[in-house]
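*Asks:* These are the residues of each chain, in order.
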Amino acid sequence: MNGPQDLGGQMGFGPVAPEPDEPLFHAEWEPRVLGLTLACGALGHWGIDESRHARESIPPADYLSFSYYRIWFTALCALLERHGEVSAEELLAGEALGPPRRAERCLAAERVPGVLSAGGPTERAVAAPAAFGVGDMVRARVMHPATHTRLPRYVRGCVGRIEAVHGGHVFPDASAHGLGEAPEWLYTVAFDGTALWGADAEPGLSVTVDAWEPYLERV
Amino acid sequence: MPHDHHDDTEEMVARVRALETVLVEKGLVDPAAVDAIIETYSEKVGPKNGAAVVARAWVDAEFADWLARDATAAIHSLGFTGRQGEHMQAVFNTAGRHNVVVCTLCSCYPWATLGLPPVWYKAPPYRSRVVIEPRAVLAEFGTVVPEDIEIRVWDSTAELRYLVIPERPVGTEGLAEAELAALVTRDSMIGVVRELSV
Chain L
0 MNGPQDLGGQ MGFGPVAPEP DEPLFHAEWE PRVLGLTLAC GALGHWGIDE
50 SRHARESIPP ADYLSFSYYR IWFTALCALL ERHGEVSAEE LLAGEALGPP
100 RRAERCLAAE RVPGVLSAGG PTERAVAAPA AFGVGDMVRA RVMHPATHTR
150 LPRYVRGCVG RIEAVHGGHV FPDASAHGLG EAPEWLYTVA FDGTALWGAD
200 AEPGLSVTVD AWEPYLERV
Chain U
0 MPHDHHDDTE EMVARVRALE TVLVEKGLVD PAAVDAIIET YSEKVGPKNG
50 AAVVARAWVD AEFADWLARD ATAAIHSLGF TGRQGEHMQA VFNTAGRHNV
100 VVCTLCSCYP WATLGLPPVW YKAPPYRSRV VIEPRAVLAE FGTVVPEDIE
150 IRVWDSTAEL RYLVIPERPV GTEGLAEAEL AALVTRDSMI GVVRELSV
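Chains L and U, in that order, are what the protein sequence lines are.
Note that numbering that gives the first Met the number 0 has the first sequence beginning at 0, numbered continuously upward.
Note that numbering that gives the first Met the number 0 has the second sequence beginning at 0, numbered continuously upward.
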């Protein structure tokens, strides 16, 4: 979706403003949101693609004014409501008013090290051979799905070169919407700065994105 | 707060507490697991991991070659596995090219080697600008890259996570691997800093 998350090339946000000796968290509630988000992920109702889609579905004015952990919190509440684990009434009341659905999958503290160090690899076998090889010139498709996608707007319609072929990976456009993993070949595509930004490109710039095969067409 | 969103602390404290209370009452979340997750990313996982990878690559040509070909296996061999480090790619700075990493679409970042991302990495100014004017962004970090050096920006749009391998500073021939690792900063492994000081 052309949501507020798709920021590449937008202007007007001001300087980057790095903080010297930045703390990991800026308020005591932020680490709780990190921990709750990861712990609730273990319930298995959704994957990383659905959670990203929940974050980018936050209205743009809110998304751009929220701190990042508030974005996570807002999306987590939406996901828990969508999957029937928590109701809006419960969040207002601050107490449980109905039964859980998947309490048997509650992540126990002793399982945390194993779960975090295992992670969630996304590489999957794909039966069809890769359509593109290193060095092929491809165009990022012009596409504007209302659903989740990981092809940023700033590369759509632009021509780049396949720089690497990474095997099959879970396809976010399907996975975010409960349509299964539907793995597709994943490529790194390199674009010259001028292909993306024309005469306004800085000198000597190239930018890569990682793009699944359905995002690309041969030129 | 360093960024320009409104101060929502009191409201968020109450709302997050309410959510955690409901989840714990329903048996969906073990608060000790939340503590363990926070402890992992506060104390165990951080840029020291990435610095160890870089230092190893500097002293061990065979490891550097492995890192260039299969960063996932090379990095996992040092014990740095797990969330947001499942699939890794190492990108090496050279005399002619400087590498910078971003996630324009969210906040993808190599947790297993760098820990949690800083706020600026997740915020709109960096995400919007570094793909179109990286030299201007790097200058805000005090990094001036001469125009005859190419800049390559890696936008992390899939589950591949990028680690920049800075060049070994001159004058460090006599240093041991652990001493070299101490020179490697987080920002140099994101790519917003190019030169390491000795």
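Derived by calculation from the structure, the hints in this document are not laboratory data.
Among these hints, one or two may not hold up.
[Unchecked claim] A few chain L residues that don't get close to chain U, going by computed Cβ distances all over 12 Å:
{"id": "1", "residue": "Ala102"}
{"id": "2", "residue": "Ser116"}
{"id": "3", "residue": "Val206"}
[What the hints assert, rightly or not] Which bits of chain U does chain L cover? Going by a derived footprint, with three or more residues having C-beta under 8 Å, they are:
{"id": "4", "stretch": "16-27"}
{"id": "5", "stretch": "35-49"}
{"id": "6", "stretch": "58-67"}
{"id": "7", "stretch": "80-86"}
{"id": "8", "stretch": "114-123"}
{"id": "9", "stretch": "172-185"}
Idealized CB from N, CA, C, for every residue including glycine.
*Asks:* Next step is simple, just say for each hint if it's right about the structure.
*Replies:* Hint by hint, here is what the structure shows:
Distance to chain U contradicts alanine 102 (chain L) as a non-interface residue, since its nearest Cβ pair spans about 4 Å, not more than 12 Å. Listed as a non-interface residue, serine 116 (chain L) fails to keep its Cβ farther than 12 Å from every Cβ of chain U; the least gap is roughly 4 Å. Chain U draws valine 206 (chain L) into its interface by the beta-carbon criterion, the shortest separation being 5 Å against a cut-off of 12 Å. Note: the stretch 16-27 of chain U has 11 residues with beta-carbon separation from chain L under 8 Å; the three-residue rule is met and the coverage holds.
With 6 residues having a Cβ less than 8 Å from any Cβ of chain L, the stretch 35-49 of chain U passes the three-residue criterion, so the hint holds. Counting residues of the stretch 58-67 of chain U whose beta-carbon sits less than 8 Å from any beta-carbon of chain L gives 0, not enough to reach three: the coverage restraint is violated. For a cut-off of 8 Å, the count of residues in the stretch 80-86 of chain U with a CB near a CB of chain L stands at 7, and the three-residue condition holds. Beta-carbon proximity to chain L at under 8 Å applies to 8 residues in the stretch 114-123 of chain U; the threshold of 3 is reached and the given coverage holds.
Look at the stretch 172-185 of chain U against chain L: 0 of its residues bring a Cβ nearer than 8 Å to a Cβ of that chain, fewer than three, so the hint is violated.
Of the numbered hints given earlier, the model fails hints 1, 2, 3, 6, 9; all others are met.
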